[in-house]
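K.L.:
Take a look at the letters that make up each chain.
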Amino acid sequence: MDEFVIQTDRLTKRYKNVVAVDDLSMEIRRGRVYGLLGPNGSGKTTTMGLLLGLQTPTSGTFSLFGYNHGHRELLRRVGALVENSSFYPYLSGYQNLRYFQKVSGRGSEEELESLVDRVGLSGRGHDLFRTYSYGMKQRLGIALALLGDPDLVFLDEPTNGLDPEGMIEMRELIKSLGDGSRTVLFSSHLLHEVEQVCDSVTIISKGRLIAQGEVSQLIATAGSEQIRIKTTDNSKALQLLSTPGWVEDISRDEDSLLITAPIERSAELTAALANAEVYVAEMVPIRKSLEEYFLEVTRRGNEDLQ
Amino acid sequence: MITHLLTLIEGEWFKLRRRWLPWILLAVIILVSQAFLWGFYAVHHITEGEGTNTFLSDYQYSGDTATLQVSCSDLLDGRLQERIQPLSIEERLIVEGEIAEWGPKECSDYAYEPEKFFMFVLPTSIVGSIYLVFLTGLPFMLIMILSASLLGSEYGWGTLRVVVSRGLGRWQLISAKLILCVLVAFGWLAVMVLLNIVSSILAGIIPPDEGVSLIILPEGDTWPSVLSTFGKFIGKALYATVPYICLGTFFVVLTQSTAQGISLSVMTYVAEAMVIPALLAISEKLERINEGLLSSNVREWISLGDSKAAVALKGAETPDTFQAFLVILAYSLVMLVASIWLFQRRDLSGAKGE
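Taken in sequence, the protein lines are chains L and H.
Read the first sequence against the working numbering and you will find it ends at 317, with the numbers running on by one and no gaps.
Read the second sequence against the working numbering and you will find it ends at 1016, with the numbers running on by one and no gaps.
Hints were generated in silico from the structure; no laboratory data involved.
Glycine included, every Cβ here is placed at the ideal spot set by N, Cα and C.
Each hint can be trusted.
Taking beta-carbon pairs under 8 Å as the criterion, some of the chain H residues facing chain L (in silico): (1) K677; (2) R823; (3) S827; (4) G829; (5) R1007.
Listed next, the in silico DSS-like pairs over lysine-lysine satisfying Cα-Cα at most 25 Å (straight line): (6) K148(L) x K113(L); (7) K148(L) x K677(H); (8) K767(H) x K947(H); (9) K677(H) x K113(L).
Sequences are here, hints too, so could you generate the full structure?
P.N.:
See the structure below:
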């Protein structure tokens, strides 16, 4: 049975004249990696802050693990890295983790060493936090978020400041975190990263929910796919393919044709051309990326809001 | 809940003991305390026990029947009646009235000569210099700085967000910090007491006093009474630090900044302890307000109470000890509740980079 680990009901956060989160109702199921997407200032971090008890909602409610009371106790099942990684600069990375392990009573001392290794800080764990590079600070933040094996992990822009190799490692790590019953709520401005890592996404703009669902489904509903073909006779092909009803649009693109049609109709397309003695030399399906989908829905969303 | 609070206090200590600040503040307070002890030692030997209170002006009276001078020493030693004997009954009444006003003003800083001697001789020396350090108000300033820094630094580093997001509880966190400050204040007192014992032994075994003034009980005092007085003083001194710890925390919660929190705390302390009493002294009616001020009540609360000087100056209008206890409690509770109320409701933003 699916269980919602996060549910918000008309959650709103207002700062004087600015509405950071506006009537946000969303549901996050257990055991997945969720992407929280939105342009800068869309309310991603504020939403996480509200769920983590760092901010108080102006109105609306939310529940964690199905409970909307006893928030402090529920937070003991949550790990988080929100905004920049903040630690005590005069303590070492290991001592910082040790402090949080001590006061939250989660995890063990043995776990600390393995966590430091897991996030790639081996050999630097006993150095002072103030000597860490930005990327190392982020790694320690992720280690803290994972301390005590939490059921729900919030990761706000976790790959910020990491080198390309580190980003790949981190993506793999985040993907693996969603295996089993753990849920990860992951925000990033790198959309291809979200596409690679997340099963589902929630897109917000100006604090409002714009779209929510599985990544593949969202892209599929975003509009028709395109097929790029090169033929032995592009002019004849252009003429022939203007007729079938399932071809939404066809246009020339340099030495190719760009056809807006469902990719599963590719066989019919090649057959129709072959019957007219026009042969396909090259065929490339062009799927919409999450990035294109994101730009489209946020633009539409903003227009609706206006 | 208590276990959780104890865990948080332990966690706070884990962090605090690795910082420079508490150790620097401890060094400052030890230096001042030791300066008092060795200062009295030096003065006693330089003046050969004659005292250094010559700068205090004597009371002078020129009447029809006689002219006389009364010194603080006469007043504190109970020689007033003897000194005014030559005057007529009417003149005695006038002089007694005038001395009742003059005494508290002029002789409040008078260090009774034997008391100075006892400042570096065991057992009185154990808390002697600590009492004087507390009269300067320095421990209150230092503990305010510590309490303000303990919370304010977390705003600066942005670590409060991390702590709160782990479900440690806001009021529990602030309470742990406040309790740790009280424990640190106790630690400071304990270290000062230990060092005073060491210094007193040293003062007693080095020339020219070797073996002569190592341990001398004041006349009429017994070991149990002396130790009980010291125990009470330590307890009272600790209690007196509580409103200042709460004050430092309150201003940090209000401003969310260490620097601003410390500045406001120190400004409030200076205004409340020095500026306002001076302004209130303009009118007798306003002077009553002084009895409700924290600093005057703290002074009364930590006073040793039964010293000869205190008995001689009993005519002075100072709040009584029970009132002082209540005023300190009220200030502490108001500041504590205000701090927790504000801290519970405030949104926590990221690192301020202070």
